[in-house]
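Engineer: One-letter residues, chain by chain:
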Amino acid sequence: MDRNATVTGKRLANARLLSHAVLIFVTILTLYPVIWVLKMAFTPVQGFSTSLNPIPSNPSLENFVYLFRETQFVKWGINSLIVAAATTLVGIFFSCTAAYAFSRFRFPGRKEMLLGFLVTQMFPGVMMMIPLYLLISWLGLLDSLTGLILVYSTTSLPFSTWMLKGYFDTIPKDLEESAIMDGATRGMIFWKIIIPLARPAIAVVALFSFMSAWNEFILAATFMNQESMYTLPVGLKMMVGQYSTEWGHFSAASLLVSFPIVALFFYLQQHLVSGLMAGGVKG
Amino acid sequence: MPARPESNKETPPSRPSAVGISVVLAVCTGLLLVLLAVLSVTWSRNVAELDAIIRARTLADLVARIDSGTDTGVARIQELVDRAKEVLPGTREILVLEGVTFIAHTDPTLAGTRLKRTVEHKVLYDDIDELADHLERNAEERKKYPELEENPYATVAIESSADEVYVAAPILEGERDVRGIVAIKGPPPPLEQGRFVFWLSLGAAAIIVLTWLTVQFGGSSARAASGVFFLLATGLVLKYHVDITNRAVRDTVSGTAEQCLALWQGTVAAESSTSAFRAPASGDEFLQAIDLTRNGDPARWFEPAGKTGVPLVASEAEPPAAQQLRPGEDLRVDSRWIWRGFGVIAFMVALYIVLMMTGKTERAAAVFREHWYAYAYVAPAVIGAVVLVFGPFLFAIGLAFYTRVYDTYRFVGLQNFIEILSNFRITESRNFYRTLGVTVMWTVVNVSLHVSIGLGLAMLLKDKSLKFTPVYRTLLIIPWALPNYITALIWKGMFNKEYGAVNALLEKLHVFEWLHIEPISWFTTFWGAFTANLVTNVWLGFPFMMVISLGALQSIPADLYEAADVDGAGRLDKFFRITLPLLKPALFPAVILGVIWTFNNFNIIYLVSAGAPDNKTDILITEAYRWAFEKYQYGYASAYSMIIFLILFGYTYVTNRITKSTEGAYE
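These protein sequence lines are chains A and B, in that order. Numbering-wise (the working numbering), the first sequence opens with residue 494 and increments by one. Numbering-wise (the working numbering), the second sequence opens with residue 20 and increments by one.
No wet-lab data here; the hints were simulated from the structure. Among these hints, one or two may not hold up.
Said to hold, decoys possible - Okay, derived cross-link-like pairs now, DSS-like style, lysine-lysine, Cα gap no bigger than 27 Å in a straight line:
1) 481/B x 503/A
2) 204/B x 568/A
3) 503/A x 593/B
4) 568/A x 593/B
5) 486/B x 503/A
Build the full structure now, drawing on both the sequences and the hints.
Structural biologist: In C-alpha cells:
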C-alpha cells in the first residue's frame, strides 16, 4: 500500500515536471514576438536587430518621442478614439432598445427580424465592402469619421442585439410586472429597471464593440486616403508599408496601442468567452 | 432630415387611417429629402470636378504648347502657373510634373525640385502617385474601350474628398504621347443647398399637416384627393429644386470657362502671335474647344444634348464655328434618380389609396396600434440594418451580374460567374479552384493545429495540483488579446529574410548549417509564405481553443475519471471515452466558428504574405478584395464574394443540420 503510493507519487512528480517543461517552452515561444516588440520599441534603430538577446543594448525613448513629434500618431489616436467611442454609443443605444423589444414584446414580424439579424452575421465582409464603399463615396463620406462610424455601428448592431437579447431574457419579468402594477410606463421600465439590471452585459457588449472598432483595419484602410484621417491600424500599417520599414517606431506605436486593449481584454476575458459562445452557437 | 416617423407613433391615434396616411407621407417625404440631399452632394461634387477638369485641361493644353526642354520654356511655364493661380479663383495648388521633376509649382520652394517621398512631402508624393496611377489606368481603359474617348472623366484623374478636388490632366505631346501631368487642387464644391433643404422640409411638413387634416375630417374620396395633392405639390417642389440647381451649375461652369478663356487668350497671344491659332471668342466656344462638351456628353452626370465631336486635344486649327454649342443651356444635372424616387413614392401612395379603399390599412393600423411601442423600439436598429446591411447585400448580389467599364456598368448576366468557375487551369496563381484549394488547406491545417495545441495545453493546465497554472494561462492568452493586425505586422517583420527574428533564431540553432541551406527567403516561395501565414495564425488562434477546452474540461465531473480508474481504464481509454465525448458540445461550435473565421481571415493573409509570391498564397477573401479594390472590377469581385458566401452558407447549413444548435434560438 505504502510502496504503491510512493510510486504513484514519483510518477506524478515526473509528470508534473514534464508538464512544466512543456508549458514553459510553449510560453517562451508565445512570448517571443512580444519580447521582440518590447526590445525594438526601446531600441533607437529602425531595422530588426539579429541578436537574440531580449534586452536592448542601449535603451532609449527616442522612438516614442519621434511618434509624438514627427508623425500624426496622436491625430490617428484621436480619430480611432472618436470612431470607437461613437460606434459604441450609437450601437449600444439602438441595440439595447431593439433587444429589449425582442426580449419582452411579441409582435408580428419579430421572428422575421430576429432571423434577419442572424442572417447578417453570415454576409461576407468583402462582399459588403464594395456596396458600402460605393454608398459611402456616393454620400461624400470617404475620408470622414462619420462614414466609418455609420458603417461600424450598423454592422455591429445585429450581433450586439442578439447578445443583449440573450441577457435580457434571463432577467425575470416579475420585476416589470410589479412595476406596471405600481403604474410605471414602458419607458420607465426600460430606463429604470432593465438598463440598470443589464449593466454588466451592456458593459461587455459595449467594450466588445469598442474593441472591434478600435482594431478594425481593412474598412478603415479602404475608406481613408488622407493621412490625417487614418485610424491607428491604418497608420501603423503605413509605418511598415512598402516605402519604409520603421520597425522601431512601429513597435513603440504597437505597444501604446495594444496596452489599453490588452488590459481591457484581461479584465473582460471571462465574459468575452461566454458571450462569444452564446452568440456563436446561435450564429 | 425630417422628423422620424416614430414621432407620429407617440400619440395614440383617434382615427387610425389619418395617422396611417400621415406616417406614410412623412416617410415618403423623408426618403425624398434624403435622396435629394444625397443627390445635392453628388451634384455639388460633380460640378466641382467638372470645374477642376476645365482648369486642369486648359493648363495641360497650354503647357503642352511650351517647350519644357529650355530654361526659358521652364520659366514661362512657371509664369503661366503663377498667373493661373491668380486668375482662377479658389485654386489652391498647381503643379507641373515631367518625369519626377516639378517643372513648375505654385509653391516656389518646390519648383525645379525632384519628387521625393520625404517625411515633409509624404502626402504630396502619395497624392501624385495615386493620380499618376489613376491616369495610367484610365489610359489603359481607354485603349480597351474606345467609346471612353468621348468621356472627359476618362482623360483626367480625379481624387476628390469632402473639402477639395484634386485633378490631374496629362500633358500630351502629339496625339498620344504623355509628357507629364498637370495637377490642380481645386476649390470645394460650389453649390450650397442646405438652406433650400430646410425650406423644403418646412413645406413638406405643411403639406403633411394639410393632408392629415383632410383625412381626419374628410371621407375616403377626400383622402384619395389629398394623396394626389401631395404628389402634385411634391412634384412641383422637386422640379423647382432641379431647375435652380441647373441654373447654379450653368453659372458656375460658364464662369470658370470665361476665366479659363481669359487665361488662354492671354497666354496664346504671348506664345504664338504668328501661329494660325485663333482663340475662341466666348467661354462657351472655349469649353467646346478644350473638348469638354464634345459629343454633348460633358460629363457622366450631366445630361447631353446631341453634338458632334472635335478632337481630343484642342487643336491649333479653328474650332468648328458651325457648332453653335451653348453649354450654358446644355449643362444639366442628372435628375433621373430624383424622378425615379418620386415614381416609387407615387406608386406607394397609389398603393396606399387602393389598400385604404379595400380596408386593408384598417387592419394593418389595428396591428400597428396594438404594438406601436415595440416597433418604435426596434425601428432604429432595423432601419439601420436594412439601409446599411441588407441594402448593400442585395446591391452586391445585383452587382455580380454587371461588369464595370470605367464608371459605367453593363449587364452581363452570368458571365462573371462563368468566367470564375469555368477556368480550370489550376496552375495559374489566380485560378479560382487553386485559390479554393489553398483556402481549404489553410483552414483545415489552421483549425486542426488550433484545436490540438489548444486542447493539449488545456489538458496540462486543468491539473489543479500543478503550480503556476494561472500564470501560464494568462501569458498564453496574450496572443488573443493583441490586436491581430499588430500581430500580423510583427510576424511579417519576424519572417524577413535578412533581419527577421525567425531566420536569426534558425541561424543561432545552426539549422541552416545542418541542412546545408542558405537562410530562407520566406516570401518568395509558396510554401515559405504559406508557412509564415500559418505560423502567425496558429500563434494567434490557439489561445481561443485553449480557453474553450479548459472551460469544458473543468466542467467534466471528476468522479467519472475515478469510476474509470476503478474499472481499470488506461489514459487513452479515459481520453477517448470520457474527455473527448464530453468536450464535444463545447468544442464543436468553437470549431465551426473557427472554420468560418479562418476561412475568412483577411488580415493575416493580407498583412503577412500579402499574397506573395505572385498571389499564390491568397485565399478566396483576399482575392475578392484584390479584384474589387486593386483592379476595380466591382462586378467580378461581387460575383466572387457571392460564391464565397454560398460556400459558407452551404457549410453552415450542413453543420447546423448536424448539430441542430440553432434550435430554440428564438425563445
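Engineer: If a hint holds in the structure, say so; if it does not, say that too.
Structural biologist: Status of each hint after checking the structure:
no.	hint	in the structure
1	481/B x 503/A	20 Å, holds
2	204/B x 568/A	23 Å, holds
3	503/A x 593/B	21 Å, holds
4	568/A x 593/B	57 Å, violated
5	486/B x 503/A	16 Å, holds
Hint 4 from the list above is the single one not met by this structure.
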